[in-house]
Amino acid sequence: MVKDQEYLKSKAQYCLELAKKIGATDASITVANSISETVSFRNKLLDESNRSDSLAISITTYIDKKKSSISSSNLLDSNLKILVEKCVETTKITPEDEYNSLPDKDLLAQEVKDLSLYDDSHIENSKKIEYLKELEEIASQDKKIINTESGFSENKSNFILANTLGFCRGYKTSSFSASCVTVAKDMNSMERDYEFTSKCHLSDIKNPSELGKITAEKTIKKLNPQKIGSEKLNIIFDKRIAKGFLSAFASAISSSAIARGTSFLKDKIEQQVFSKSLNVFDKPDLVKGMGSQSFDSEGVKSETLKLIDCGNLKEYLIDTYNGKKLNLRSNGRNSGSTNLYFENGTISFQDLLNLSSKNLYITETIGHGSNLVTGDYSVGAAGYLIENGEFKYPISEITIAGNFNDMFKNITLANDLDFEYSTNSPTMMIEGMVVAGK
Amino acid sequence: MSNFFEKSDLSRKDAESIISETLANCDDGELYLEDSKSESIVLDDNKIKSSNYSADLGFGLRCITNEVVAYSHSNDISRDSLKKSAESLKSTFKSTKGVYNHTIPKSNEKYYQDINPIDQKTLNSKIELLNKVNEYLRSRDNFVKQVTASFSGEQKSIEIIRAGGEAITDIRPLIRFNVSVMLEKNGRKETGVYGIGGRQSYDEYLKNDNWKNVCEEALRIATVNLDSKPAPAGEMKVVLGPGWPAILIHEAIGHGLEGDFNRKKTSAFHNLMGQKVASEGVTIIDDGTIHNRRGSLTIDDEGTPTEKTVLIENGILKNFMQDRLNARLMNTRSTGSGRRESYKHIVLPRMRNTIMLNGKQTQDEMIKSVDRGIFAVSFGGGQVDITSGKFVFNCTEAYEIKNGKIGAPIKGATLIGDGPSILKEVSMVGNDMMLDPGIGTCGKAGQGVPVGVGQPSILIDKMTVGGTQL
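Protein chains in written order, with the numbering used here: chain Z, 17 to 454; chain V, 261 to 730.
Possibly wrong hints are sitting among the right ones.
[Stated by the list, open to error] Heads up, simulated EDC-like pairs for lysine to aspartate or glutamate below, C-alpha to C-alpha not over 16 Å straight-line: (1) V/LYS309 x Z/GLU112; (2) V/LYS416 x V/ASP379; (3) Z/LYS304 x Z/ASP434; (4) V/LYS350 x Z/ASP93; (5) V/LYS267 x Z/ASP202; (6) Z/LYS282 x V/GLU444; (7) V/LYS524 x Z/GLU406; (8) Z/LYS454 x V/ASP678; (9) Z/LYS60 x V/ASP678; (10) V/LYS722 x V/GLU573; (11) V/LYS604 x Z/GLU64; (12) Z/LYS102 x V/ASP379; (13) V/LYS350 x Z/GLU146; (14) Z/LYS454 x V/ASP721; (15) V/LYS524 x Z/GLU64; (16) V/LYS354 x Z/GLU140; (17) V/LYS684 x V/ASP721; (18) Z/LYS425 x Z/ASP325; (19) V/LYS297 x V/ASP379; (20) V/LYS354 x Z/ASP63; (21) Z/LYS374 x Z/GLU406; (22) V/LYS309 x Z/ASP113; (23) V/LYS350 x Z/ASP63; (24) V/LYS354 x Z/GLU64; (25) Z/LYS341 x V/ASP678; (26) V/LYS307 x Z/GLU359; (27) V/LYS307 x V/GLU388; (28) Z/LYS81 x Z/ASP120; (29) V/LYS307 x Z/GLU114; (30) Z/LYS292 x Z/GLU359; (31) V/LYS307 x Z/GLU112; (32) Z/LYS255 x Z/GLU359; (33) V/LYS525 x Z/ASP202; (34) Z/LYS108 x V/ASP721.
Bear in mind the hints are in silico, worked out from the structure with no lab data behind them.
With the sequences and hints as input, model every part of the structure.
Right, here's the structure in full:
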């Protein structure tokens, strides 16, 4: 069982009081416990079992505008005393920064919302094994599948965040995840693909046969890929890749990137950054949402933001420190975006494929090719060639490149949005990107 | 040396008996204890942005039978906690009949000193130096708009206790100094990043005002990129500079030669042992024994002394990198490549310092031989798909080559290639081998470990460059 709120609170309060007593003007403490149990399978046999129990404390002390942090996994009171003392001592010699402070008191969350983020269900390892057996049985049916790996993980966490403004709240969360990776082989090639499911509640995860079936189909479909020539093409991004553009967007509008001036979206508030038909929301109070939160990691309440309205940038994601630097108030995004999504487009998936006679459908990108300072984008990619709305053959060993400033303004979305992850996009088409191949 | 039992109700003797009992019918396993201290001090936007210190203590108990690994870890080193872990492992193996392998090689070599770099330099002097870096860079160039500089240091003290009570220890220092500078000129912004580090004290790397060289290098890269033009797109010849560009070797070849992927037959290299996988003249080693290097280890995280492993010799595939588990299942020996990020992670076969050895040609000869291509000097990160063998990496400093001459700098582009075939495209190997400056971290299965790379200049006859200019 994860440690209860009372235990976590007692550790946090002990540190807060001690910090005050030995000279801190303010302090903030996070205590968190997380227990996870994972079972892994390979080729229909048990491969690994892993139990992890982590307890961690993170202490931040302020002396007026000076600030320092310390973290540890040793929560014995005797060690906490040493840590708090060391933290306060370090704070004394750290230079002042006028923007260092706890959040404004009126912005602190007044409640923990009931967002149904915790499911008390416990699934025994023997049940996890049954799930994985069924999954791999289905995944390995086709003889082209030569290797299957899968895992089932259960995670329960609890935390408390306390500061010297009197804030002291926390809550439990849980997640249940299953994943599958298959390798397919034919005369000419060997390919790998994956699928996973992760939910707060055990009953919401995909059933094992569905997961196994999807993974195997995806992998077999990739066999015998070709390389195409270099040309300018319209590119359709599978949902699991399309959501990555939203993540890049979220990083570029974080108040830290804006305050440091290292974002291609700096000074773009009220300007058009996406296609005119697009709206982007960040919704922290989605029930059972994988990115849901009652408050951010500073205790600041968070509400739904319409970040993009008809293509125009309306808000940044703001934390306390960078907010003060920018003369803006925190909107509870110290931990970044929450449940971030594009509003659905107006055309169906098939109509999107039919928009042009030849395009690429990208299911996989590799490399870290996003430059958020310049907006330049260049990654390795694999997927399929689509002609007249039909999947023709798999493509690999190509790169796709462009610049976010242009790419974002040339997006068309399908109407197939779902809330599978914390960041979600419908299938997306971007016109006129450069493909490099042969 | 950390005494893990000093403040615990768990005595060494108790621990030994719990370990021996738990592992009695297993093939392998151990108790891994870790005490790590780390710090990070970051200057950003003209200010000391953060000064963090972290102290972590914990254990991981592992038992292995056949192919199955059971692992349990906790940050509570106590009798109760270790017993709970032992029970959790036993429940995985209901009836096992393994024979514990007590053999573990020994060595007296040490590749770094037992120091704690954090305590060897005061916080004040670190803050002072970061401020100096900031002032220096901003005074060097009017176009400097942003400077980030950081120190990170750690000391990791580990002990491995095996069934029967054999104990092996290691103390590992590690530091890194990093500078990132952003320039803005005529509305264009470009960054340059450079860093240094390894397993010695901060001052060993900073002496003789060496920090200025780091600043100058970051500034030089950013300046070059301010004038960069869009990169070409398509297949062409690529000349790689010496040193850090060897992350190409790391991504394209290294991961595919790790034992686990080959035992599981998911690596594109699994059936190529003894075969020609690279051009003649290409020799690649993975070396854990270079003194004070970031990727070096006296012993790996299973207690095996590290070594210099020949992976590819004159084009022929010779060895995979092995931990104990994969070595046993593949009927070979561990190469001292079993590594884990921390006590919270299982052991995997990993790279240490992966190096291509010198050939005979000069960089000049390579450039002169290219009609149309690019010259890549520095890279950001890379990634590989082990199964298909496709890998990428991102240039952070590159130039076009036209008619045998180096031309204009080009914007960061991704290069993509095919691991098993790329080394056959190497047509020249230079005589200017260099090791990287000590900044690499390799990620695998969610675990990051420090690594090194090195190579001479090389010419690759055919690679796809992911630019925007057709």
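For this session: Would you check the hint for V/LYS525 and Z/ASP202, treating anything up to 16 Å between C-alpha atoms as holding?
Result: holds, 14 Å
Problem set entry | Pair hint Z/LYS255 and Z/GLU359, alpha-carbon separation not exceeding 16 Å | It holds: about 13 Å lies between the C-alpha atoms, which stays within 16 Å.
For this session: For the pair supplied as a hint, V/LYS354 and Z/GLU64, confirm whether the alpha-carbon distance does not exceed 16 Å.
Result: Given pair V/LYS354, Z/GLU64 holds - Cα atoms ~14 Å apart, limit 16 Å.
Problem set entry | 16 Å Cα cutoff - pair Z/LYS454, V/ASP721 | holds, 13 Å
Problem set entry | 16 Å Cα cutoff - pair V/LYS309, Z/GLU112 | Given that 16 Å is the threshold and the Cα spacing comes to 10 Å, the pair holds.
Exercise. Can the restraint linking Z/LYS60 and V/ASP678 be considered satisfied, given a maximum Cα separation of 16 Å?
Worked result: The hint is violated at about 30 Å.
Problem set entry | Restraint check for V/LYS416 with V/ASP379, where alpha carbons must lie at most 16 Å apart | holds, 13 Å
For this session: Measure nothing beyond the straight line between the CA atoms of V/LYS354 and Z/GLU140; if it is 16 Å or shorter, mark the hint as holding.
Result: holds, 15 Å
For this session: Take the C-alpha atoms of V/LYS350 and Z/GLU146, compute the straight-line distance between them, and say whether it is at most 16 Å.
Result: violated, 19 Å
For this session: With a cut-off of 16 Å on the C-alpha distance, tell me whether Z/LYS108 and V/ASP721 pass.
Result: violated, 58 Å
Problem set entry | Agreement of V/LYS354 and Z/ASP63 with the hint, judged by alpha carbon distance not exceeding 16 Å | Measuring from Cα to Cα gives roughly 14 Å; hence the hint holds.
Problem set entry | Given pair status - Z/GLU359, V/LYS307, alpha carbons within 16 Å | violated, 39 Å
In this structure, the earlier hints numbered 4, 5, 7, 9, 10, 13, 25, 26 and 34 are contradicted, and the remaining ones agree with it.
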